[in-house]
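Residue numbers (my numbering), protein chains in the order written: chain A, 34 to 220; chain B, 34 to 220.
It is worth saying that the hints were derived from the structure and are not from the lab.
Quantities reported herein were computed from a predicted structural model and do not represent experimental measurements.
Worth double-checking, as some hints may not be accurate.
[Claimed, not checked] Label pairs and their calculated CB-CB ranges:
#1 D204(B) with R96(A): 25 to 31 Å
#2 D128(B) with R212(A): 39 to 45 Å
#3 R96(A) with A99(B): 42 to 48 Å
#4 A125(A) with E160(B): 25 to 31 Å
#5 L109(A) with G173(B): 50 to 56 Å
#6 R81(A) with D39(B): 32 to 38 Å
#7 L109(B) with A125(A): 35 to 41 Å
[What the hints assert, rightly or not] Here are the simulated DSBU-like pairs of lysine-lysine, each with C-alpha atoms no more than 30 Å apart in a straight line:
#8 K83(B) with K83(A)
#9 K40(B) with K83(B)
#10 K83(A) with K40(A)
#11 K40(A) with K40(B)
#12 K40(B) with K83(A)
#13 K40(A) with K83(B)
Positions of the beta carbon are idealized from the N, C-alpha and C atoms, including for glycine.
These are the residues of each chain, in order.
Number of protein chains: 2
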Amino acid sequence: MVAGGDKRTRLVQAADDLVYRNGYASATLADIAGAAGVPVGNVYYYFRTKESLASAVIATRGRVYAARRDDWDRTLQPRDRVLGFIAMSVDARRDLALSGCPIGSLCSELQKPGSPLGAEAGQLFCEWLDWLGAQFEALGHSRRDAGAQSLHLLSRLQGATLLARALRSVDVLVDEAARASAWIESL
Amino acid sequence: MVAGGDKRTRLVQAADDLVYRNGYASATLADIAGAAGVPVGNVYYYFRTKESLASAVIATRGRVYAARRDDWDRTLQPRDRVLGFIAMSVDARRDLALSGCPIGSLCSELQKPGSPLGAEAGQLFCEWLDWLGAQFEALGHSRRDAGAQSLHLLSRLQGATLLARALRSVDVLVDEAARASAWIESL
DNA sequence: GTCTATAGGCAGATAGAC
DNA sequence: GTCTATCTGCCTATAGAC
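Using the sequences provided together with the hints, build the complete structure.
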């Protein structure tokens, strides 16, 4: 049960949580409204459809990640920013092994030809890739190289997260993150 | 429409195809039965529940992969077996970028605490990891190292597949597979 | 054994009272 | 504006005719 804030905000928070833990399809509006302390039918006063609520969830996640990147940009050097990105997966290892990546799982579920939600979720990956690319460029790589390194790093972390969940093993993720960190430190 | 074979087999084939392309939840029994040319209600003569049909699909995929590994074991050397594994992703790049990995997507969707289907799907990953580990051992790595290398290789390919789908770009997968192949050849 | 018809339940969405 | 009650549709599953 999400308390405080206006109802629209509470609905988005509750949806964010339930969609992450149960997946989009399994997160029913009844559950979401219940968790937000809002009557079921009233959801439609704030959101036209379930999809538009999901869209708000995706936008919220995007803002949270953007804030984190901005914070790192202000306080860390490029190499430590990338290491911080990897450490983020390690810190969240429990949730990641249980429910997957908040972006990756969503993309996997919503990606259907012509689905706007799938494209919106994919955009979150693009923003991380752009930011990672900038860090690798700052570390002296060409733009082309930086793009490839970013894709490689994100790929291995996404894959490790997926495997950690599939095999129900936190270690799978922690080990691969350690290898990725060692690689970054060797650059 | 799947033709030929007994009805049970046709149902599994149709389910395999539709679950892969649409996901488990979206693949309705009506669609599956329709594609198999079997009356809807009749599905329950062959399978107790939708879950047991999914279980048969997972078992079928497992047998297909096992046959492929056996074939490579008979015809290729360890290094070429691993390269063949990577090439499998490149060959299937279109489908992978469109619908994801037949194992990974399933694990992502079905992995819920206490779900038997999630564990069955995860088992398919275990079988590939065991086989990959044997190849790395044959290439001279310790058992411990071989396990880590296997997880790393599978992680990056799974992640690249996920990203290729999310970004709707075949290149993401092809590029990462090329880097992985170069790594194997350098061992 | 094979299939038709339908039950039962739950989801998203709406209409209209307050 | 806020909420209650309900509607429609779809999906899994079953009961029972042939």
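Index of numbered hints that the structure contradicts, given in increasing order: Numbers 2, 5, 6, 11, 12, 13, in rising order.
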